[in-house]
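**Student:** If you use mature numbering (1 follows the signal peptide of the UniProt record, and there is no 0), the sequence shown corresponds to residues -22 to -1, 1 to 139, in order.
Some hints could be false.
[To be verified] Subject to a maximum C-alpha distance of 27 Å in a straight line, what follows is the list of computed DSS-like cross-link-like pairs (lysine-lysine):
#1 Lys101 <-> Lys82
#2 Lys82 <-> Lys11
#3 Lys101 <-> Lys11
#4 Lys29 <-> Lys11
#5 Lys101 <-> Lys29
[Claimed, not checked] With beta-carbon atoms standing in for the labels, derived distance ranges:
#6 Gln102 <-> Gly71: 22 to 30 Å
#7 Ala20 <-> Gly91: 37 to 45 Å
#8 Lys101 <-> Thr42: 15 to 23 Å
#9 Ala20 <-> Gly125: 33 to 41 Å
#10 Gly8 <-> Ala36: 38 to 46 Å
#11 Gly8 <-> Phe40: 21 to 29 Å
#12 Gly35 <-> Leu127: 16 to 24 Å
#13 Gly72 <-> Asp33: 18 to 26 Å
#14 Lys11 <-> Gly119: 24 to 32 Å
Hints are computed from structural coordinates only; laboratory data are not their basis. Glycine is no exception: its CB is placed at the ideal position from the N, C-alpha and C atoms.
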Amino acid sequence: PLAACALAGLGLTVLGSTTASAAVPAPPSGWSKIFSDDFAGASGTGVNTAKWQYDTGAGSTFGTGEIETMTNSTSNVHLDGNGNLDITAVRSGGNWTSGRIQTKTANVGAPAGGELEVTASIKQPTGGLGYWPAFWMLGPGQWPENGELDIMEDVNALSEH
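Given the sequences, and given the hints that come with them, work out the whole structure.
**Tutor:** So, in structure tokens, the structure goes:
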């Protein structure tokens, strides 16, 4: 997966900028920003663990039939030094590793009667046979009982949106 984020939001945005100099925009009038990350940091470093937590373990335990093991290794999850997050599947011998992160922000959602907007810029892999990048939001509790809102999933680089 490219970015599997368990999100919850109250106001505006979850953002990854495309350049290091791009600042996370201010929310429009009447909105509140509840979470953002511009992925600023040195190339090869891990994510900001004050905002993100690694979801590690065998892919088969996530209910999706994946064969890779999710790690917290910077070989799999790292900043590129230009304001981007890279999540990379790595094959070593007959084994695959990848990365999966989720926000540490808990119970974030639209206020009663309100709205939630989530935005991100995600570059898809090319020639991605076997890749399944995804970005989603989960409710509190355990999946699948807690619900899932898919923001983006792209099986084998076949996304049409």
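**Student:** With reference to the structure, classify each hint as holding or not holding.
**Tutor:** To see whether the hints hold, each was checked on the structure:
1. Between the alpha carbons of Lys101 and Lys82 the distance comes to roughly 23 Å, so the proposed pair stays at or under 27 Å and holds.
2. Straight-line distance between C-alpha atoms of Lys82 and Lys11 comes to about 15 Å, which keeps the hinted pair within the 27 Å bound.
3. Distance hint between Lys101 and Lys11 is fulfilled; the C-alpha atoms sit about 23 Å from each other, no more than 27 Å.
4. The suggested pairing of Lys29 with Lys11 holds, with an alpha-carbon distance near 14 Å, which does not exceed 27 Å.
5. Among the hinted pairs, Lys101 with Lys29 is consistent with the structure: their alpha-carbon atoms are about 21 Å apart, no more than 27 Å.
6. Take Gln102 and Gly71: their Cβ atoms lie about 27 Å apart, and the range 22 to 30 Å holds.
7. Between Ala20 and Gly91 the beta carbon distance is about 43 Å. The supplied range of 37 to 45 Å therefore holds.
8. Checked against the given bound of 15 to 23 Å, the beta carbons of Lys101 and Thr42, roughly 22 Å apart, stay inside it.
9. The hinted range of 33 to 41 Å is satisfied by Ala20 and Gly125, whose Cβ atoms lie roughly 37 Å apart.
10. A hinted range of 38 to 46 Å for the beta carbons of Gly8 and Ala36 is consistent with their spacing of about 44 Å.
11. Between Gly8 and Phe40, the C-beta spacing of about 37 Å breaks the proposed range 21 to 29 Å.
12. For the hinted restraint 16 to 24 Å between Gly35 and Leu127, the CB-CB distance of approximately 23 Å keeps it satisfied.
13. Taken as a hint, the range 18 to 26 Å holds for the pair Gly72 and Asp33, whose Cβ atoms sit roughly 23 Å apart.
14. The hint said 24 to 32 Å for the Cβ distance between Lys11 and Gly119, and at roughly 25 Å that hint holds.
Consistency note: the structure conflicts with earlier hint 11 alone.
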